[in-house]
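Novice: The task is to assemble the complex, starting from two chains supplied on their own in separate frames and drawing on the hints.
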Amino acid sequence: ELKVEQNPLFLSMQEGKNYTIYCNYSTTSDRLYWYRQDPGKSLESLFVLLSNGAVKQEGRLMASLDTKARLSTLHITAAVHDLSATYFCAVDNFGNEKLTFGTGTRLTIIP
Amino acid sequence: ETGVTQTPRHLVMGMTNKKSLKCEQHLGHNAMYWYKQSAKKPLELMFVYSLEERVENNSVPSRFSPECPNSSHLFLHLHTLQPEDSALYLCASSPRTVTYGYTFGSGTRLTVV
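Top to bottom, those sequences are chains A and B. Counting in the working numbering, the first sequence runs from 1 upward without gaps. Counting in the working numbering, the second sequence runs from 112 upward without gaps.
Hint data in this document are derived by calculation from the structure and do not stem from the laboratory. One should not assume that every hint holds.
To give an idea of the chain B side of the interface with chain A (calculated C-beta under 10 Å), a few residues [unchecked claim]:
| id | residue |
| --- | --- |
| 1 | Val115 |
| 2 | Tyr144 |
| 3 | Lys151 |
| 4 | Leu154 |
| 5 | Glu155 |
| 6 | Val166 |
| 7 | Asn169 |
| 8 | Ser205 |
| 9 | Tyr213 |
| 10 | Arg220 |
Just so it is clear, CB atoms sit at the ideal spot from N, CA and C, and this is done for glycine as well.
Chain B on its own, in the form it takes in the complex (with noise of 0.2 Å):
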């Protein structure tokens, strides 16, 4: 357990469905982070909050929506997928101090059928 904690951690959905991800840290970090992992590519950051405000969007579609209610939570909800949006979704958090670099949930694996 590295102390950030993703739910689900398989999701399955189809392309008219609504769902939501899920991640929790109680590292005291204040930076949260969503990166996408497809096979074959390099990670790919999505967005990033830093004390609760969005700081980036790195041209994600509008089917993906995050939301950070506060400093712990970090949600990705989900609405009407393409099957190539099948991947694995991690969050990460970090104290936006260089030392430490992110910690990384377990990530939630969606697939989109």
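Chain A extracted, bound-state conformation (with noise of 0.2 Å):
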């Protein structure tokens, strides 16, 4: 069975710091996706890393993935408040487009 597990689970900051999430999985798969939530809201997602050494940037985020240590992170640079949301990671499972999730960031930023 795929178990994606995230950390830190919870995760408060100050503005203009930087940080890391890690999302670790419990088997091969090299097809991860980064979604945000916001309070009340759906999921958005953010990043699709589709191979070993993928990395993707967009604004203040970055991605990355390594499928031999089966890990992805996502780095936050210099946060702002608008990045405070939960950030989910998911793993499809045996490439069959069924996505595992882990059980999520809850990212705040404080002024």
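Specialist: As structure tokens, this is what we get:
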């Protein structure tokens, strides 16, 4: 059974600081997705990582994938309040388009 | 608006009621999904439909009954629910190619009283 773990579960950080969210998964997969969820809202797609070594950046967020280590990271640079949300990673379960989600990381940016 | 529309946005129902959740997408996707999101739990996959055929039923109690009449519409019929079924129910669709992942609807917040 595929397991996806994120850490930390909760992260409170000051504006302007850098931090990294980690996503580990238990079985072989080379497709990983990051989503953002604002309170009471749906999930918004952020990044799609499709190969080992993939790196994608959008604004202050950068995601990477290491399929050998079964690890993805979401790096936040110079955080701003608008980035406060819950971030989920999800792994494609054996290429059949069924995504298994991590528990989420609730990020709070403090002014 | 993501292209996946869910109705209603909020639903309160008694344990003896019967209600239905609706999901509609006009993105040309041919796979649709129901997920349950409870507090302090990961998103749980409930059902998967691919080309209108159910390909996954993830040990979901029979009080939840999905229906996919065509590739654009997905329903979740609810009857004799329990209070622990209160959650955010999310519908998603995908083109069944790996590049895009899922597109989610805004969800239905269900409260069972």
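Novice: Failing hints, ascending?
Specialist: The structure breaks none of the hints.
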